[in-house]
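Novice: Residue-level listing of the chains:
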Amino acid sequence: MANGRRKKQQLGRIHSFSSGKTSFRGEHSLVGGPGFSRVVYCNDPEAYEALPVKYTGNHVRTTKYTIATFLPKSLFEQFRRAANVYFLLCAILSFTPLSPYSAVSTVLPLVVVIGATMGKEIVEDWRRKRQDIEMNNRKVKAHRGGIFYDTRWMDLKVGDIVKVERDEFFPADLILLSSSYEDAICYVETTNLDGETNLKLKQGLEATSSFQDDFRFQNFKALVRCEDPNANLYSFIGSLELGEEQYPLSPQQLLLRDSKLRNTDYIFGVVVFTGHDTKVMQNSTPPPSKRSKIERRTDKIVYFLFAVLVLMSLIGSIIFGIDTSKDLGNGWMTRWYLRPDDTTIYYDPKRAGIAAILQFLTDLMLYSYLIPISLYVSIEIVKVLQSVFINQDVQMYYEEADKPAHARTSNLNEELGEVDTILSDKTGTLTCNSMEFIKCSIAGISYGCGVTEVEKALATRKGSSLSQEVTEIEGHLEEAKEEKPSVKGFNFVDERIMNGSWINEPHADVIQNFLRLLAICHTAIPEIDEETGRTSYEAESPDEAAFVIAARELGFEFYERTQKSISLHELDPVSGKTIDSSYKLLNVLEFSSSRKRMSVIVRTEEGKLLLLCKGADSVMFERLAKHGQEFAEQTKVHINEYADAGLRTMVLAYREIDEEEYVAFNEEFTQAKNSVSADRDEMVESVAEKIEKDLILLGSTAVEDKLQSGVPECIDKLAQAGIKIWVLTGDKMETAINIGYACSLLRQGMKQILINSETPENKAFEKSGESSAAAEAFKASVIRQINEGKELLAASNESLEALALIIDGKSLTHALEDDVKDIFLELAIGCASVICCRSSPKQKALVTRLVKIKTGMTTLAIGDGANDVGMLQEADIGIGISGVEGMQAVMSSDIAIAQFRFLERLLLVHGHWCYRRMSTMISYFFYKNIAFGFTLFFFEAYASFSGQTEYNDWYLSFYNVFFTSLPVIALGVFDQDVSAQLCLKFPLLYQEGVQNLLFSWSRILGWALNGVLSATVIFFFCIQAMEYQTFRKGGEIVGLETLGTAMYTCVVWVVNCQMALSINYFTYIQHLFIWASIIFWYIFLLAYGAMDPYISTTAYQVFIEACAPAPSFWLLTLFVLISSLLPYFLYSAIQMRFFPLHHQMIQWILADGQSDDPEFCAMVRQRSLRPTTVGFTARFESKSQHSREQLEYL
Amino acid sequence: MEVDGASTSNGGASTSNGRANGGRSRRTAFDLFKQQQLPACKPVLTPVWVITAFMLIGSIFIPLGLVTLHASRSVVEIVYRYDAECVPKAFRGNKVSYIKNGSIPKNCYRSLKVHKHMKAPIYIYYQLDNYYQNHRRYIKSRSDQQLLHGHAHYDTSSCQPEEYNNGLPIVPCGLIAWSLFNDTFTFIRGRAELKVNRKNIAWESDRDHKFGKKVYPINFQNGTLIGGAKLDPDIPLHDQEDLIVWMRTSALPSFRKLYGRIEEDLEADDVVFVTLMNNYNTYSFGGKKKLVLSTTGWLGGKNDFLGAACIFVGSSSIILSIVFMLLHVKYRRNYRGTSYLSWNW
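Protein chains in written order, with UniProt numbering: chain V, 1 to 1194; chain G, 1 to 345.
Source of the hints: derived by calculation from the structure; they are not laboratory data. Treat the hints with care, since some could be wrong.
As the list claims (entries may be wrong) - Not the full set, but computed from the structure, chain G residues with beta-carbon under 10 angstroms of chain V:
(1) 34
(2) 36
(3) 108
(4) 209
(5) 249
(6) 331
Beta carbons are placed, not taken as given, at the ideal position from N, Cα and C, and that holds for glycine.
Please put together the full structure from these sequences, using the hints given.
Specialist: Right under this line is the structure:
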């Protein structure tokens, strides 16, 4: 009954909680004051009846709309689109006699467009609703009159006592009262909050720890006073009144909603924050409705066109007014055939002013063809189809988990092509969140021939010789793996020390000490699986687990921990047998981020006193004894190699202690530990420091925080594409820096700017206890550090040196304050890589917002855990990794992918294509509508601006729907400037999107101008060729309907052939759509013309009788077509030849056949590197440059 | 896919790679479609293409323009403006009062000289300028239903203000019909009158499907204000080709309408005497009236625009292609140059 025994252990002994002894001082004096007004009557929910304040229930809603708010809110969303407002106006006006068209033709499209989009919103929100319902109806045991009943989460109230059992989520923020352990500790997994999978320890107050059974809560009464709801996950201040006594509460007693109880059978807790008051919910921001930049710019173009439209209408109505007023003059009617003497208000010369105003409204409707109503519908259609292609891409399909990419919203496809900054989570996104023991250096010899992701990537880059070597090793590895089932956390292969063969190594004794140290010096707890007999470990951090596992695999199996001892199965080098040995555990000198090491003092079975110590190289080497430095030089070399390969290193050393020395130390240490003074921690540290000296070096370990496959390559490509990559992680600074190296975001020779809250001066201030002064001073120190960084930055601009900024969460809090954030951002942008560690979900979101708003560039956030939700929602694009960490991130993301490496293809290929397609499509849309609209306007000049069109009503209505829509959609869905391979081969191409070259105002205006030009050519050539003219042999004259038909034919031809000219990728689909649209126009003419004249009116038989038999009609079409396309053709020929854009360069290269020339491609790639580029290509480059310089120097 | 270009998602994961490769041998067109790898033509505007295209345009358009121009030039056309000359000298100061005064005879005799041989059929047109037949009010003021079905069709609200007269419906109603052109022309060559054929001058579809065979003019031009021509109440609209031609509204404010055909050749230096009835009021809005006699070619009437423009565009294309060629030769593209692919752009 190992389990039962463990239950009764006082595990608190191996952790030295400092906060367990918090006294009432400093912040706790604030309780009860402003901002700290919450009062919780434990076990007495009715008590709130008497209170004026009402606390919210535990019901949670994450949906965007409720039934009541849906209609107004979603309508508001819809009419944020400028065009929709305009068409609504037109729809209303179309019911008056002012309308040049029938009302149906205006209202119907609008209703369809808005209805479709609103339908989409309903479906999306319904999914969220279902999630909420599931969450609110989860069950938890809550205390009701002496018995714990299953209660729904949503029915919990503040003050309820709940019992949460193993592996359950906490339903609200709780104060821990007691647990199944005697000293009221429990283990908590906070993956959903901060992404960290290691277990956190929480401990209840001693005063309540005895309430371990259900019945004892019958008469439990207590009063909690604490802070008001806030978003800070890591702070909590409150007090608990139990009977007469008052006890302080700290974060150590707070269990947060959405975290999970682990390794503890049950806990009792009292609910303090419910529903939206909980820290998790306070951290969540409402789901924003995101719109892409292109769409926002499209709105602006619509405004611009609307201005043009108003101007045109104004001109039209003024001239119309003047013309009309002249109809009655000089005592007679001038244009008598209009009967101005007997007229309606619309044409009344006596009230020409009013007529002009009414005409203005008519014109607004008439020229509405300038603003494409079908634009937004087409965009929606195109985006959905683009998303289908993204979802279908086999190269973004993760077979192992059967997960394809999934674009959850199609709104942002083109935004993927404009990403300037990627903000990435670390754990689960870049890394697999598993630590693997991969190498070690013992007695100056490096063991372990595993290859890290980084080394693999570097090797492929360096060339064939090395990659061959790697493949050999890999092959070797594969063999080894086949022999033995792989062990999680252990990726170590070396025959020299595996399977007990270390005995034959030159320094077997050192190796023995090394492995023993690994097995003893830690705080992990073994757990023996009763069925298989295998031992597994629960450790505070995954790398600690990796050490213990490594020791086990190498023959030193740690299998039992009691309060006072640690027991191992270990290999005896003399006998060669496995023996059991037990070590008396005397003291644990805890790890802390300032000490950067931990030690244990044990007594061996022989009675020797040993101090075993492991820690970071920076603190360990200075503590070595003179005689203990035998392997120091070699070990340092190895450590540097490991670090360069992105591994996390730890130096191991030991020392034997005399009895007297230990006795003296123990006395001092116990005294320090039991002191209650403010500088207790410092005292403990200084005592520990005294004994951790004169160590004898054993060697070092290298643990790989395993990157997901393909991450370095992906980062390298993205960096070459000029995308900045920031890592925002909740992890410790050391871990984050390590991963920076592993991903090549950091490299040797890069200057690191560390902004750290753990400076000595800050500590001194914290000790002084004056919190406001401390914060003040701390902020000043952050500002100072930022300014120092900026000086470095200025210097580096000249020396072309890459800088890296690493900042921790506490400093970030100050750096994000309003008066500091600008300089902080300036510094951050100047740095090649930015790493924020220890950042809370809210901070991640804040950083994202800062970058998004201040730089105005597109940001992309990628993450996998619930702690990334805020960041995903805040960023322009949120990408969720549909990995193992639950679905919260995916649910709030815009696009979900299975692996980080798919980001490369998503951005460089799909993003680029979508951006290109969308920008070309929208530009073209405006082109075709301007080309059409201006022929209408020009005609007005010849019809005294009376509002008559040269086209039949149905020609007008079908223009956007049938004759020009399909080719545009085909362009938006299928066009590719260069193939996917070339997109990836020349990542710099991506900058076209970042710099927005294809959708710049000049380009849009260029297209608009082209539209006006086309309209001019079409209109004036047509009227010149057909003016009062006999247009065929039979002597017939061109009438309004003939001219209209001919002109319309020209427009259809020109607009579709312009499309054909601007397409880069001609599949049969494009051919089909373009030529079919033109042919369909003729078919339409035939069919429509064949209908009864009552329906077809002016189009009756116009084609078959008048146009088709006349050679001049066909000649005119050909001539106008070529002439209106010539300017564009000339322009693009000149641009292509003399001022090619990036994609055109690549098209050149392809046309010249150079894309298969590896030398050329290498040259191109090298050119895309800047000194500030990160990634392993740049790293390799800077390294080789460095060595070249050294050679020159020699 | 070579190492360089391959994405990491492909190269990095051997598993997904295997799937992609495994399927490659038997990939269907639909797979290619889904993976956006359909075979496609990717036109690149290389200099060869550009120069060829310009050359091609030039070599098509110049001959085409010449042919067109020739067709237009071979058409013989006589245009004679008569609106001012046909007002007696006494009324030249106030033409509007002249035209409105019904008691003054509107006869006018003129002679036209044929300068070139004109082959039959010779088309007679009248041409009006500054006349807005395309005005929205004007165009809407008709009832197609009434024209086809007669006064049995009562919904003629679109015809306002020429809808009713003295409480009785007007057939044909509307401003267009009401303002029907009413100048007439007769031609005499030498001593003999030239026969003018005034049948089949309207579009057949109009005659057969838009103007009823049993619809007779009723109550037409009986109002206080007389617009244009009167119609013979005994001839159905179907046969009133003047009206049908007039009601096919023109596109632009200057327009011609077919009046009739002379089916005899006119020789060069023939003199044709025209007897005009100058009834139609264009004076109040300052519109010109012209009489046009014209033959037709395969392209229709005389209009040099299309031919000239074709030649212009064609020759510009040739010039452009030469300029482009010279530029291309002078500034040779550095094919191995990568300067465009660097960060300096």
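Novice: Honestly, which of those hints from before does the structure not fit?
Specialist: 3
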